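UniProt numbering numbers the first residue of the sequence shown as 1 and each following residue consecutively.
Wrong hints could be hidden among the right ones.
Dumping the calculated SDA-like pairs for lysine to any residue here, alpha-carbon to alpha-carbon at most 25 Å [stated by the list, open to error]: (1) LYS118 to ILE32; (2) LYS265 to HIS220; (3) LYS275 to GLU296; (4) LYS77 to LEU63; (5) LYS109 to LEU8; (6) LYS265 to LEU255; (7) LYS214 to SER181; (8) LYS127 to LEU227; (9) LYS263 to GLN236; (10) LYS188 to GLY167; (11) LYS265 to VAL277; (12) LYS77 to LYS188; (13) LYS265 to ILE235; (14) LYS275 to ARG205.
Okay, the calculated beta carbon distance ranges per label pair [stated by the list, open to error]: (15) SER332 to LYS265: 30 to 40 Å; (16) GLU271 to SER332: 22 to 32 Å; (17) LYS307 to GLY46: 18 to 28 Å; (18) ASN39 to HIS333: 29 to 39 Å.
Source of the hints: derived by calculation from the structure; they are not laboratory data. The structure displayed is predicted, hence computed values, not measured ones. Beta carbons: idealized from backbone N, C-alpha and C, even for Gly.
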Amino acid sequence: MLSTLADLNHFDEVIDVRTPLEFAIDHIPGAINAPVLSNEERVIVGTLYKQDPFAATKLGAGLVASNIGLHLATTFKDKPRNWKPLIYCWRGGKRSGSMATWLNLIGWKAGQLQGGYKAYRTDVLLKLAALPAASRFIVLAGHTGCGKTRLLTALAQAGAQTLDLEGLAQHRGSVLGASPSRAQPAQKLFDSLLTRQLAQFDPSRPVFVEAESKRIGLIHLPASLMLAIRAADCIQIEASFADRIRFLCDDYSHLLNDPVNFKSKLARLVEMHGKVVLAHWYELIDAGQKAELFSELIHKHYDPAYKRSSQNNYLRMDQARTLTIDPSGDLSHSAKQLLHELGG
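Hey, can you work out the whole structure from these sequences and the hints?
See below:
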């Protein structure tokens, strides 16, 4: 049974039968991976196909049959009689067709996604181009260390619609922003996650989002989204200098406990600030003078960069209202008050 993306909600589960590597790069959100060929097997079959298509097809069929049998004995062994899965592969061809055929022979009502992952990816790109314009964004702007991300989290907990781009990208957006525990998703997977979230927003309510540049770590934000948030109303988040220093010392404690890694990240700024300044920052790291270090980073790097970015990129920044917070404090009251005033 051939199905389209419009039929997704009619199925109990979505199964991606591509290799684990293909799945890791991107997949339909919520899908499980039940590969009919492993990463290595796909390479072997593909290489042989260039030399002898018939032999490669015969080898591939045997491997696919063996892997389907393994999934029946493990992944699918407890599925009920009325289970209805949707199967897809790269183009909706032999791999998904083989799995769907066997599942239907057993008695399950398995569908096969027409066009496979390629059809899904085309749909994602179309939605990424259109969806941002449907939302009314409110941008949380402010200097590094003022607690924008914590306020965004508090807004979400208060019931607001929020778009946490740094959370989706697994990166805080600055030279020090890489997550200590998780790698960034592939660009295509980020696009999928972003599309799913944009599609869930109620257009009648505002969506709060942090001010971002076009790139978050290795992830590039779509042009349609950048146009929407750069034309949005802004809220200027402010905090005292002492509060910002205290917040950064706590927020980047993982780097302060790993001096070698900290220095390697700062080394990327050598062309901007020069070797003498970098050497001084390294000395502050070695001496454990974290407050002094972040004070200099704020004065020499973060605040000048923010001034350039906010003035050039956000059209309504000069009309922004100001909200002063303690980034290390309880932000639930500020979030609820802001949400009440803006009707979110």
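Hints and how they fare:
1. The suggested pairing of LYS118 with ILE32 holds, with an alpha-carbon distance near 17 Å, which does not exceed 25 Å.
2. Between LYS265 and HIS220 the alpha-carbon distance is near 20 Å, which keeps this suggested pair within the 25 Å criterion.
3. Our distance criterion of 25 Å between C-alpha atoms is met by LYS275 and GLU296, whose separation comes to about 15 Å.
4. At most 25 Å may separate the alpha-carbon atoms for a hinted pair to count; LYS77 and LEU63 meet this at roughly 20 Å.
5. For the suggested pair LYS109 and LEU8, the alpha carbons sit about 14 Å apart, so the restraint of at most 25 Å is met.
6. A C-alpha spacing of about 9 Å is found between LYS265 and LEU255, which places the hinted pair at or below 25 Å, so the restraint holds.
7. Taken as a hint, the LYS214 and SER181 pair is honoured in the structure, with Cα atoms around 24 Å apart against an allowance of 25 Å.
8. Simply put, LYS127 and LEU227 have alpha-carbon atoms about 15 Å apart, close enough for the 25 Å limit, and the pair holds.
9. With a C-alpha separation of about 31 Å, the suggested pairing of LYS263 with GLN236 is violated against the 25 Å cut-off.
10. A C-alpha spacing of about 16 Å is found between LYS188 and GLY167, which places the hinted pair at or below 25 Å, so the restraint holds.
11. Pair hint LYS265 plus VAL277 holds up; C-alpha atoms about 14 Å apart against a cutoff of 25 Å.
12. With a C-alpha separation of about 31 Å, the suggested pairing of LYS77 with LYS188 is violated against the 25 Å cut-off.
13. Straight-line distance between C-alpha atoms of LYS265 and ILE235 comes to about 30 Å, which puts the hinted pair past the 25 Å bound.
14. This hinted pair does not check out: LYS275 and ARG205 have alpha carbons roughly 49 Å apart, beyond 25 Å.
15. Evaluation of the 30 to 40 Å hint for SER332 and LYS265 yields a pass: the beta carbon distance comes to about 32 Å.
16. Against the hinted window of 22 to 32 Å, the Cβ-Cβ separation of GLU271 and SER332 comes to about 42 Å, which falls outside the hint.
17. Checked against the hint of 18 to 28 Å, the C-beta distance between LYS307 and GLY46 comes to roughly 52 Å, which is inconsistent with it.
18. A hinted range of 29 to 39 Å for the beta carbons of ASN39 and HIS333 is inconsistent with their spacing of about 51 Å.
Of the numbered hints listed earlier, those contradicted by the structure are 9, 12, 13, 14, 16, 17, 18.
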